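Engineer: Here is what each chain is made of, one letter per residue.
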Amino acid sequence: MPLVRISVSEKMPVEKRKQLPQIVYDAMRASINIPENDLFVAIHTHGEGELVADAHFMGMQRTGNFIIVSITMRRGRTVEMKQKLYQEIARLAQERIGTAPDDVMIVLAENGLEDWSFGKGVAQYVAAQQN
Amino acid sequence: MPLVRISVSEKMPVEKRKQLPQIVYDAMRASINIPENDLFVAIHTHGEGELVADAHFMGMQRTGNFIIVSITMRRGRTVEMKQKLYQEIARLAQERIGTAPDDVMIVLAENGLEDWSFGKGVAQYVAAQQN
Amino acid sequence: MPLVRISVSEKMPVEKRKQLPQIVYDAMRASINIPENDLFVAIHTHGEGELVADAHFMGMQRTGNFIIVSITMRRGRTVEMKQKLYQEIARLAQERIGTAPDDVMIVLAENGLEDWSFGKGVAQYVAAQQN
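Residue numbers (this note's numbering), protein chains in the order written: chain A, 554 to 684; chain B, 554 to 684; chain C, 554 to 684.
Worth flagging that the hints you see were computed from the coordinates, not collected in a lab. Any given hint might turn out to be false.
Note: identical chains are not told apart, hence a pair may lie in one copy or across any two.
[Said to hold, decoys possible] Derived SDA-like pairs (lysine to any residue); straight-line CA-CA distance at most 25 Å:
hint	residue 1	residue 2
1	K569	P654
2	K571	E633
3	K673	P654
4	K673	G651
5	K564	R627
6	K637	E563
7	K569	V675
8	K564	A680
9	K564	A583
10	K571	R615
11	K564	G665
12	K673	E633
Quantities reported herein were computed from a predicted structural model and do not represent experimental measurements.
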């Protein structure tokens, strides 16, 4: 169920951008236990000067390749699972598209099972609980 | 007070896109009890390959017409109200712009009354509570 | 740690848009006690008819200059701090780029310390707590 929004510079080459959904999906599969094919990602591109991060906050060396990965998911993942998630996203982004780990910011938000409809106008996880 | 963000493909015809705010507003009026004229919607358009959803997860038949409706609102709506909201958004999207119910994902996030300023630099709902 | 998303019309002049991150940063520094250089902002531009707000809800006179400032931050700020934040954002937006206070909507969302990675695939605030 995670919904992933990824903010990138419009200068990021399209062939790199398009690998981001699979990168985050693979990282989530390896860390926070999502079901197969649970892939929902919106990539937001930002013009020059419209994706802004301090270059050094928290000891990083950020560049124009900076990206923000925002993930909304149901409550309940442990701190350890979240740590593994961060590690995996950063690792795969570096391995597959050469994004430096310093350039990957990740922010999580949590909600409830009743806060999701995957289609057909139905709250699938509520229906599942009631059956 | 809901703040609605809707992600659509840039290929969705403009005349359909522009009906989305009214569709979601009418659905919220009919389900979660929002006041008249409480309409705040940002539509985000995504380039090819930048709005990604698994074609079949949870038993759907998703197409290039897939949209994501993200709604932030204060805490307190019941599960039944949320279910009605999903049903109404999907129903009206199909009726008015022909979007298949399988192509409508909806995700909710909740916050507090003090988390909203509608203008003038004031937290209107806090002020209202204190009066 | 706040992550700030600002939605503006594509018609907002670039030289005004580019002042928004500093405006919100300065307001946060003056109100909610963020550390120096804690600046992370994504500006989203919306086409005509795609940033929609009721012109008068809650007694405002909204115009085409309407903007939405969404801020995600850790739980724990008081209502008074949030009120000061709203006041400061509206004040500085008017002072520096001439945006009317009626045109500034602000919405907050909160999460936990473990929900942030500022880079390197690490949950910096968790590591800090454990040391």
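Engineer: Now, for every hint given, state plainly whether the structure supports it.
Structural biologist: Results of checking the hints against the structure:
no., hint, verdict
1, K569 x P654, "within (15 Å within a copy, 31 Å between copies)"
2, K571 x E633, "neither (28 Å within a copy, 38 Å between copies)"
3, K673 x P654, "between (39 Å within a copy, 4 Å between copies)"
4, K673 x G651, "between (39 Å within a copy, 13 Å between copies)"
5, K564 x R627, "neither (33 Å within a copy, 31 Å between copies)"
6, K637 x E563, "neither (29 Å within a copy, 34 Å between copies)"
7, K569 x V675, "between (34 Å within a copy, 23 Å between copies)"
8, K564 x A680, "neither (43 Å within a copy, 33 Å between copies)"
9, K564 x A583, "neither (29 Å within a copy, 33 Å between copies)"
10, K571 x R615, "both (21 Å within a copy, 19 Å between copies)"
11, K564 x G665, "neither (36 Å within a copy, 32 Å between copies)"
12, K673 x E633, "between (34 Å within a copy, 16 Å between copies)"
Going through the hint list in order, the structure does not satisfy hints 2, 5, 6, 8, 9, 11.
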